[in-house]
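Undergrad: Each chain, written out:
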Amino acid sequence: MRFALSPEQRDFAAALDELLAGADTPGVAREWAERRFEPGRKLWRELADLGVWGLLVPEEHGGADAEPADAVVALEACGYHAVPGPVVETTVVAPRLLGGDELARVAAGESMVTAAIPPEVPRALDADAADVVLRLDGTAVQRISSDMDSGGRMPSIDATRGLFPAAEHGEVLGAARPHAFALGVLGVSAQLLGAARRMLAMATEYASQRRQYGRAIGQYQAVKHLLADVTVSLTMARPLVDGAAVTLASGAAEPVVMRDISAAKVAATRAALLAARTSLQVHGAIGYTAEHDLGLWLTKVRALAGAWGTADAHRTRVLTAVRGEHAD
Amino acid sequence: MDLDIDPESAVFRDEVRAWLADNVPRQGLPSMDTAEGFAAHREWEARLAEERLSVVTWPVEYTGREASLLQWLLFEEEYYAAGAPGRVGQNGIFMLAPTLFAHGSTEQRDRILPAMARGEQVWAQAWSEPEAGSDIAALRSSAVRTEGGWLVSGQKTWSSRAAFADRAFGLFRSDPDSERHRGLTYLMIDLRADGVTVRPIPQLDGEPGFAELFFDEVFVPDEDVIGTPGDGWRVAMTTANNERGLSLRSPGRFLASADRLVRLWEACGEPAATASRVADAWIDTRAYQLYTYGTATRLADGEQLGPESSVNKLAWSSVDVALHETALDVLGADGELASPWVEGYLFSLAGPIYGGTDQIQRNTIAERVLGLPREERR
Numbered sequence: 001m002r003f004a005l006s007p008e009q010r011d012f013a014a015a016l017d018e019l020l021a022g023a024d025t026p027g028v029a030r031e032w033a034e035r036r037f038e039p040g041r042k043l044w045r046e047l048a049d050l051g052v053w054g055l056l057v058p059e060e061h062g063g064a065d066a067e068p069a070d071a072v073v074a075l076e077a078c079g080y081h082a083v084p085g086p087v088v089e090t091t092v093v094a095p096r097l098l099g100g101d102e103l104a105r106v107a108a109g110e111s112m113v114t115a116a117i118p119p120e121v122p123r124a125l126d127a128d129a130a131d132v133v134l135r136l137d138g139t140a141v142q143r144i145s146s147d148m149d150s151g152g153r154m155p156s157i158d159a160t161r162g163l164f165p166a167a168e169h170g171e172v173l174g175a176a177r178p179h180a181f182a183l184g185v186l187g188v189s190a191q192l193l194g195a196a197r198r199m200l201a202m203a204t205e206y207a208s209q210r211r212q213y214g215r216a217i218g219q220y221q222a223v224k225h226l227l228a229d230v231t232v233s234l235t236m237a238r239p240l241v242d243g244a245a246v247t248l249a250s251g252a253a254e255p256v257v258m259r260d261i262s263a264a265k266v267a268a269t270r271a272a273l274l275a276a277r278t279s280l281q282v283h284g285a286i287g288y289t290a291e292h293d294l295g296l297w298l299t300k301v302r303a304l305a306g307a308w309g310t311a312d313a314h315r316t317r318v319l320t321a322v323r324g325e326h327a328d
Numbered sequence: 001m002d003l004d005i006d007p008e009s010a011v012f013r014d015e016v017r018a019w020l021a022d023n024v025p026r027q028g029l030p031s032m033d034t035a036e037g038f039a040a041h042r043e044w045e046a047r048l049a050e051e052r053l054s055v056v057t058w059p060v061e062y063t064g065r066e067a068s069l070l071q072w073l074l075f076e077e078e079y080y081a082a083g084a085p086g087r088v089g090q091n092g093i094f095m096l097a098p099t100l101f102a103h104g105s106t107e108q109r110d111r112i113l114p115a116m117a118r119g120e121q122v123w124a125q126a127w128s129e130p131e132a133g134s135d136i137a138a139l140r141s142s143a144v145r146t147e148g149g150w151l152v153s154g155q156k157t158w159s160s161r162a163a164f165a166d167r168a169f170g171l172f173r174s175d176p177d178s179e180r181h182r183g184l185t186y187l188m189i190d191l192r193a194d195g196v197t198v199r200p201i202p203q204l205d206g207e208p209g210f211a212e213l214f215f216d217e218v219f220v221p222d223e224d225v226i227g228t229p230g231d232g233w234r235v236a237m238t239t240a241n242n243e244r245g246l247s248l249r250s251p252g253r254f255l256a257s258a259d260r261l262v263r264l265w266e267a268c269g270e271p272a273a274t275a276s277r278v279a280d281a282w283i284d285t286r287a288y289q290l291y292t293y294g295t296a297t298r299l300a301d302g303e304q305l306g307p308e309s310s311v312n313k314l315a316w317s318s319v320d321v322a323l324h325e326t327a328l329d330v331l332g333a334d335g336e337l338a339s340p341w342v343e344g345y346l347f348s349l350a351g352p353i354y355g356g357t358d359q360i361q362r363n364t365i366a367e368r369v370l371g372l373p374r375e376e377r378r
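Protein chains in written order, with UniProt numbering: chain D, 1 to 328; chain H, 1 to 378.
Hints listed in this document are in silico derivations from the structure and should not be mistaken for laboratory results. Keep in mind that this is a model prediction, so the values were computed, not measured.
Computed beta-carbon distance windows for the label pairs:
{"hint": "1", "chain 1": "D", "residue 1": "254", "chain 2": "H", "residue 2": "60", "range": "37 to 45 Å"}
{"hint": "2", "chain 1": "H", "residue 1": "222", "chain 2": "D", "residue 2": "17", "range": "48 to 56 Å"}
{"hint": "3", "chain 1": "D", "residue 1": "14", "chain 2": "H", "residue 2": "3", "range": "18 to 26 Å"}
{"hint": "4", "chain 1": "D", "residue 1": "313", "chain 2": "H", "residue 2": "299", "range": "31 to 39 Å"}
{"hint": "5", "chain 1": "H", "residue 1": "332", "chain 2": "D", "residue 2": "310", "range": "25 to 33 Å"}
{"hint": "6", "chain 1": "D", "residue 1": "325", "chain 2": "H", "residue 2": "34", "range": "31 to 39 Å"}
{"hint": "7", "chain 1": "H", "residue 1": "263", "chain 2": "D", "residue 2": "286", "range": "43 to 51 Å"}
{"hint": "8", "chain 1": "D", "residue 1": "178", "chain 2": "H", "residue 2": "376", "range": "54 to 62 Å"}
{"hint": "9", "chain 1": "H", "residue 1": "276", "chain 2": "D", "residue 2": "118", "range": "21 to 29 Å"}
{"hint": "10", "chain 1": "H", "residue 1": "11", "chain 2": "D", "residue 2": "320", "range": "27 to 35 Å"}
{"hint": "11", "chain 1": "D", "residue 1": "277", "chain 2": "H", "residue 2": "334", "range": "30 to 38 Å"}
Here are a few chain H residues that sit away from chain D, every Cβ distance over 12 Å (derived from the structure):
{"hint": "12", "residue": "30"}
{"hint": "13", "residue": "66"}
{"hint": "14", "residue": "151"}
{"hint": "15", "residue": "175"}
Footprint (simulated), chain D over chain H, 3 or more residues, beta carbon under 8 Å:
{"hint": "16", "segment": "271-280"}
{"hint": "17", "segment": "284-298"}
{"hint": "18", "segment": "356-366"}
A virtual CB, placed ideally from N, CA and C, is assigned to each residue, including glycine.
Chain D on its own, in the form it takes in the complex (with noise of 0.2 Å):
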């Protein structure tokens, strides 16, 4: 066993890192948001070239073929950046959903894909930046209109989320491989993770910058055990999010599955609305306006909380899975 990042993730994150923390990610999220998408694309591309889209792309399409692990990674890394657009869904999902010509062009950076699967994921997010918007219904895929303007569009608390409803019928594409829904829950609580990790961050820097009575709020107890107690959730999330990981590429049965992976979208839920939470009460007033960037990530963390299953639908999933263990 060796439960831990390897040195290739560890750079992967670094490399990852860097990149974002200098590619001002919170100008190009609000860009994004007033629908002016050529930032975000232009760093979809510089993310295209570490190698992001592709990573869950077979070889053979020009992809890495890596591990869900190494998608935890990339999308902890857009999560913490608030890198905008469906970076889960292409990431993640559009590999179980498509043929080896689109993936290809996935991994090259040249199509950014979009995919509903209704009940659980009823639009298609960014469906007008989109290249590509897909639907699942049950093993089904479509290709349905990517040709959406802005005026379908549903505003979203996160305002760099547009949604689209998904039509109902389009191209029929074939089969889709397994585990799209479950790696689009893994993806997402990956996400989460990033954002609950940015925004304890924050929280501390404010915390140990901001006097008052005389001294850094950090200082006092009421507000370092707040942020201690965000500590304690984000770090016990993470390990939920890569054994999900972990147990998607095992191979297991579909029940362990899910169990694992609703487990983490549970955690990293509940992290990261606590973070969100902590993070606007440590700010005060100055968190609570638009111009400052914690609410790019306080909406953010709303949004997910309740797309690709509610907290509380993914409880229901775990009990189901560990009742029937029992049964055996």
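Once you have looked at the hints, place chain H on chain D.
TA: Chain H only, in chain D's frame:
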């Protein structure tokens, strides 16, 4: 990254499982906090030791098997899944022994560890004092130099297992002019020695799980000093990290409880009102298990446990309380009736207090993990 059990560890796990299935007392043992139960638990430790299962990670010469950390975690999972008795030797095995391995002499290890492993000597902790609880560096119990050893005087309290234990270990102020964490010496004391008075303290369940210890010029020979006199704080930090960290509370106990909680919930008709909490308790327990596998990997890579052991302690202390509170709520009106869940609940309530309270752990996380500024202390 993987969660695979290597063949050697799987063989070990299967052996442990089979032995426990044949040997765990069906009816359980009486509470270890009674004279009768203490003796029964002592015998159980001896049974474990005969199979080299009481201290599996220790070297072979001290009745261990040199098991890896992963193998120890698997042992613990099997142990508690089998419903095996609580470990009366726990203080010694998981707190004193790591200190002896790190700072003790060969003579001390040879003399103390085999008897500990067989349950022949059961150890109590002697840290807290009436005026030194969370602030352990405020301790005042003294050790005064004398021919061939030290004369110990003072009072310790909340001393776990001391009502029936043979010996105790803890810190004593050996330099009367010293303050705080300087001038302390780590001593092992015979609780049957002249000048020792043990006053058992009944706990919430009415049984004397801890005691007050009064020392009146108790002679402690030099051979029972661990490390250098005056260097006790540094020596004790080994023990503190073990209590907060991995070894005192392996995930095995909580995994077994979570499993029983899910079965209880099913047996009670799967009440919807508690479903989310049952799920959360299971999820948090699984998280702690996986987190510990990660810690074991890092330790196997030669990394040290640092202040993140405070994260560990908060995680298990809260999941233990949540597991048992949820179980009692699933039971509803029957929850108050005497049961293993009630016993486990009362036991879980001590977790957020001993080994550094939850609040002390949060301070440690905030200052030493997150790097927030230290409070200006008066």
